[in-house]
Structure formats: structure tokens, C-alpha cells
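From first to last, the protein sequence lines are chains A and B.
Just so we're aligned, residue 1 is where the first sequence starts under our numbering, counting upward by one.
Just so we're aligned, residue 1 is where the second sequence starts under our numbering, counting upward by one.
In short, the hints are calculated from the structure, not lab data.
A hint or two may mislead.
Listed below are the simulated DSS-like cross-link pairs for lysine-lysine, each with C-alpha atoms no more than 30 Å apart in a straight line [as the list claims (entries may be wrong)]:
#	chain 1	residue 1	chain 2	residue 2
1	B	Lys367	B	Lys382
2	B	Lys234	A	Lys156
3	B	Lys159	B	Lys285
4	B	Lys159	B	Lys111
5	B	Lys335	A	Lys156
6	B	Lys316	B	Lys111
7	B	Lys49	B	Lys367
8	B	Lys382	A	Lys156
9	B	Lys225	B	Lys45
Chain B is faced by these chain A residues, among others (derived, beta-carbon under 8 Å) [unchecked claim]:
#	residue
10	Thr60
11	Leu64
12	Leu67
13	Ala184
14	Pro273
15	Ile290
Quick look at which bits of chain A chain B covers, simulated, 3 or more residues with Cβ under 8 Å [as the list claims (entries may be wrong)]:
#	segment
16	160-171
17	187-198
18	274-287
Ideal Cβ positions, reconstructed from N, Cα and C, are used throughout, including at glycine.
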Amino acid sequence: MSEARLGPTRGLTTGSGAAQGLTLPQQRQRAAFWFLAPMVFALFCVAAWPLARTIWFSLTDTTLSSLYGGRFIGFDNYLSIRTLESGRVVYRGTLVDPAWWNAVWNTVRFSVISVSIETVLGLIVALVLNAEFRGRGWVRAAILIPWAIPTIVSAKMWAWMLNDQYGMINDVLLRIGAIEQKVAWTASADTAMAAVLLVDVWKTTPFMALLILAGLQMVPRDIYEAARIDGVHPVKVFFKVTLPMIRPALMVAVIFRMLDALRIFDLVYVLTPNSQATKTMSVIARENLIDFDKFAYGSAQSTLLFAILAVFVSLYIWLGKVDLAGDRQK
Amino acid sequence: MSIMTGRALRSVALGALLASFGLPAMAVEITYVSGAVGNAVENFKALVKPWEEATGNTVTMVPMPASTTDQFGQYRLWLAAGNADVDLYQTDVIWAPQLADQFVDLTEAAKDLMPLHFPSIVESQTVDGKLVALPIFTDAPALYYRTDLLEKYGKTPPKTWEELSAIAQEIQDGERAAGSADLWGFVWQGNAYEGLTCNALEWIKSFGGGQIVEPDGTISVNNPKAVEALELAKSWVGTISPGGVLAYQEEEARGVWQTGNAVFMRNWPYAFGLGNGDDSAVKGKFDVVPLPTGGGNDTSAATLGGWNVAVSKYSKNQEAAISLALYLAGPEAQKQRALNEANLPTIVSLYDDADIAAAQPIIPRWKEVFLQAVPRPSAPTKGKYNEASSKFWSAVHQTLSGSGSAAENLEILELDLTDLKGGAW
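Next up, chain A with everything else stripped away, as it sits in the complex:
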């Protein structure tokens, strides 16, 4: 309705802007506003509104069977302190739920390890792909395949390969004598996280490589030529020239991956559902939202997940900037 009302107004301002004495920058700003408006509206619908709803749900006692029947209960889903008649003080809520903190720890551990490995591997792959060789286009396309396969499909595929009895990984390792007996990769608490990490690294290293490769191709060739003429050791060239030059691209790639990793769901859900050793924040929030009919409690966990993500990203951007400023001063 608001758009219908505003529609003609736009015609007026842009059509007779000059007559009304708007300066060129003002006209441009108006044009920019109207170009942005649909996107802002769409973002409001698909991001801001659901987020606001989730936060609201987290402050109520809503259940899935009565989505509109929730009452406001304040922050009880996060933390409630009650004193029993016996005088004992009881703490309840997500913030004192060991299952939640286990999930947070799992997620953070997963994110830090997977993103670190993916960054290093991605960098190596990107450096290789940046070199001139025949068939480079083909190799670049081929390396993207793991990234192109939907996560559910690749997770299921790996689940079969990692199966202890008829999985090919155990078969290969047994044949080459690397293991003595079949290992239950996804079942045992010791290896479950490693299995999830393995599949994630396999899947997202190409993505990292591609983003870093884009950064590498922006580095002017003449710097390398100058370095070569000066006889600088290639390792030194990498640390003194390549790394600083691709740093912005690297930072963006890492932040993308970090955001992705912190909200990981599908891989864990398919590969090791319900395992305490790998349960992440998204998995536990879904479990409460859907399986346990604790919709409000799950919403509180989703809200906390959002908050943790926001803190992580802000911290990262802030720390990144501090570093960058330091570089500039030198």
C-alpha cells in the first residue's frame, strides 16, 4: 500500500527535480534511495523480520503447537533464578545449560580448526593454480567440484565412505596397513569431530582457494619481476610481497568461512546426528525448536547464536583493522 502511495511522488521529484531546484548530488541521492528501496524491503522481509520474531519468541513461552499462544515471560529462557521453599536456589535456562555450552564449545572448536586448515590449504592450492601451466582452466574448474556438490549429498556420500563395515576408507587403510582394524569414524566420540572436520575441509577448501586466487591475480606482475631482478629469495617474496598484497582478499575469505562455520548444521546433522561430541549450536537449537517442542527455548538459543556470531564478526573486523592500521604506519 505504501508503495502505491509513494509511486507518483517519485515521478514528481525525478521528473521535475531540476525545476524544484534540487542539486545534482541530491537528485543522485534520491535515485540511489529508490534503487535501494526494493532491496531494503526484501532484506527487511527475509532477515530483519524473522530475526525480530525469533528474539520475541525467545522472550515468551511459545510452543510449536500453539505458535500464537505464547505469553511474555521475560528472560526466563536465558536465565531464571528461583528460590525453592527449602531455601535452595535453582538456576535454569540456556545460559546455565551444560548441553548448550557443550554445543558452543564444539562449534567454536570446529570453526577455528576448520577455517585455519582451509585457509592454509586454500592458500597453497591458490598459489599452485596461479602458476602458468597447460590446462589451468580445466584444473580450476575441477577443483571446484566439491564446493558445487550440495552439502547433504556430500555428507551422505562421506557417511557411506566412512562407514565402519562397508566403507571404502577403512578398506583402503586396512589394505595399505595404516590401521589394524576397522575404525568407526563417525560413531566413536574420539573420531567423530575429526570426521566432520575432514569432510568440511574437503568441501570448502576450493571456495577458499578461489577467493584467494582472485586476490592473487590482483597482484601486479612487475613487483615479482623487480624482486626477481633484485635476487630476493622466493620464500621472502611470499611473506613480504604476496601475503601483504592478498591480505584484504584473505581477510574477506576468512570472515565468510567463519560465518559459515559458526552456523554449521547440515554436515553435522547428516554425518553424526545426536552425537554429543559434534553437536553444534544450530543443531541443538533445532532440536529444541522442533523435536522437544521447546520453541521458545530454541529461539533463545538461536538468538544467542546470532549474538555470538555478531560478536565474533565485530571482533574480527576490529582486530583486522587494528592490524591494518599498524601496517600503514610502518
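Based on the hints, put chain B in the right spot on chain A.
This is chain B only, laid out in the frame that chain A set:
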């Protein structure tokens, strides 16, 4: 709440409207969702063909993941969203109390049919006087054993879990020495999911350790018998059962069994028909007995499973959907299911049916298993059943995978369940 009543009223009004115009029943498309294991999809197509021909309607089956936990999550979402695309849900025996609000009351429609069924099963699907779903088949697991291997080693099927452990170990050692390196003694379902609740409930109950939460709501799980049962099960992992059993669901266990790599298997009746299929390595080499007992207790226990069909409140074709539900729960469809898939009927008289006895000799014998069936505590725990079950299977899974002893984990479980229970279930 008012929205739901509004929807219900509207659908009733619509039905009345159609009836008052005397419209001929138009051919409609009915959507049926169900978990699918083995060759469930082909079987279902054949099963509903007579109904399709009789009514002119068509039925589409949407196969869902085999894990009941996954199915439940999806169904709960669809129902909460008032999904009108699905007309019928195949529901697990434990879901009735949790989803009762979302399904049509079938008491009136099925008043002639229900007296034919086992009263206890009908009871399990009745919530506050409302018949939530119609039973289509029941399920109770049994112990599958390899007749050829037991004969070779001169053994009889085990009566106790301790006996089973010893026989499994002996045959496994013997066969491995003879060159079958992949042979395992016993496969079951140890993944952290609803199936582990079933397995562990059987161990504990057959040791005389109660049924987690008793029918009156008492939390009974922390007791020496239960500890003993779990400690025995823990000793299987990595000895007579592969370490990977902790990630097995029904199909993984059947995979090991049906390729001829297990001496014993705990599984549901569906594995009987498939195990005798032409592509099965164990065809004609196995039989079933009731699950063993343990710890000196003399009655065994088999978790009562089973599936039912419920009509969604949001279905646009409720009349046709109810007709299909009645057909699926009726004697004709149940008999066909029994003949083709070895599904246990819920209609009492079918256990004496000559055709079934001839085609699936196992079914009349399963009556014996069925008599020892023990329900999961879904009735006393009501809407909190899923969470209670999840806490139970987590505690068991932790024990089996070696993080904490059975005694420690059950003590914490008791505390968690008490917290979950709060004032009342």
C-alpha cells in the same frame, strides 16, 4: 487456539456444504507420507491399488527418512504450519500424545473397525478419548540368529543375554580363525536416536530394571539392575559387536546381517522378509526367537513399536483420506502387508489366518514376542517424551562409548529426568 478452531470449523462447514449439494465424490489425489525402509515404496503402491480402483482416487506416497526422529521433526513442522499438501501421516506408536491436536478424531469413523484390533494398541492411540490414529501394523523386535552357525557349533538359541554373549564370542572367534575376518557376533542399533531407547529399554526391562519411567510417572531408571544391564551391553562394543554399532540404525545392522557377517541381530520383523530375499546371503539360514532375558530375571522384553495412520486436520480431502485410513487399517490391507512385508497385523483374527501362516510362518509365532511387548514411556511423559527419550539415549550412548560408567550416567539421568518432570509430567 482460536485460529485452529476457526480452521476446523471452516473445514466442517465446507464438508457440510459439499454434502448439501449432493455432489458426487470427485476423484482426488491423496498424499501419504511415511518413513521408508527396504522396498516400502513399491509395496505401498501395490497395497493401495485396490482402494484406488474402488474409489477412483489416486494416492501418492512421499517417502521420508527411515529415522523416526527425523520424520517426527519434519511432521511437527508441517503440522505447525498447517500444511494442506499432506493428507495422511504414518505415525509412530509414541507420537499420539504429542500430535493429538493436529489430527482428526477418528472415533466415529472407525467405530466398527476398532473392536477387531488389539485393545492395548487402540488404547495407545487414544488421547483423552480422541482416537488420533488407526493402527496399521504393530512391531516388536526379536532376536535373529543364524541356524547354520549355531548348528555348526552345537548351540541352541540363547535364553539369556549372558548366554548370547558367550555363544557370539565363541562363534566369532571360531569363524574368524577359519577365515571370515568380517564376522561379528551381535549387531543391534546403537546410534544415538530413538532406536537406542528401544534397545536399551529391552536390556533394562529384561534384567528386571523397570521401564525408565513407570506408568504412574515414577522415574525408576537409576537402579542396580539397569546398571548391570548397561554394563553388559557396554562389554559387547568392540568385542562381539563392531565399534561402529554405536552409529548403527536398523538398516546398518541389517546390512551387516544380510551380507552374512553377523551371528545374531536384534531387529524388527521387516528384516525377516528381506533376509529371505533372493539377493540375501543369509536366505534360509536364519530364524528368530524372543529376545533374551538377563541378570537372573525370567521374562524378556520387546519394545512395542508399530505404525498408525492419522488424518491431518489441515487436509482438504478429509473424506477420502479417512476412507483410505480405514482401508489401510482394515483386514484386507493388513493381510496383504503381512503376506508381502511380514508386518505384524493389529487385527487379532489375522494371527490365526491360514494364508498368513503358510506364507509367513513367522507371524503366528510372533504372537509370543508380542505378548512380552513393553511400551516406551510415551504415555506417562506426554509432551515431554521426546526430550526424556533423548536424555535416556544420550546417557546410554555415553555409557556405551565409554564416557562415564553406567552407574554415574544413570545417576545424572535420574537427576535430569526429575528436572524435566518438574511438578508433573
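Going through the hints against the structure:
1. Lys367(B) / Lys382(B): Roughly 28 Å between the alpha carbons, so the hint for Lys367(B) and Lys382(B) holds.
2. Lys234(B) / Lys156(A): Distance of about 28 Å is within 30 Å: holds.
3. Lys159(B) / Lys285(B): Holds, at about 20 Å.
4. Lys159(B) / Lys111(B): Since the Cα atoms of Lys159(B) and Lys111(B) sit roughly 41 Å apart, the hinted pair is violated (cutoff 30 Å).
5. Lys335(B) / Lys156(A): 36 Å, violated
6. Lys316(B) / Lys111(B): Answer holds: Lys316(B) to Lys111(B) is near 23 Å, not above 30 Å.
7. Lys49(B) / Lys367(B): 29 Å, holds
8. Lys382(B) / Lys156(A): Roughly 33 Å separates the two Cα atoms, so the pair is violated.
9. Lys225(B) / Lys45(B): This hinted pair is violated, its Cα atoms lying about 46 Å apart.
10. Thr60: Constraint on Thr60(A) not satisfied, violated at 15 Å.
11. Leu64: 5 Å, holds
12. Leu67: 6 Å, holds
13. Ala184: At 3 Å from the nearest chain B Cβ, Ala184(A) passes the 8 Å test, so the hint holds.
14. Pro273: 7 Å, holds
15. Ile290: Since chain B brings a Cβ to about 4 Å from Ile290(A), closer than 8 Å, the hint holds.
16. 160-171: Holds: 4 residues of the segment 160-171 of chain A have a Cβ under 8 Å from chain B.
17. 187-198: The restraint on the segment 187-198 of chain A holds, since 3 of its residues have a Cβ under 8 Å from chain B and three suffice.
18. 274-287: holds (count 5)
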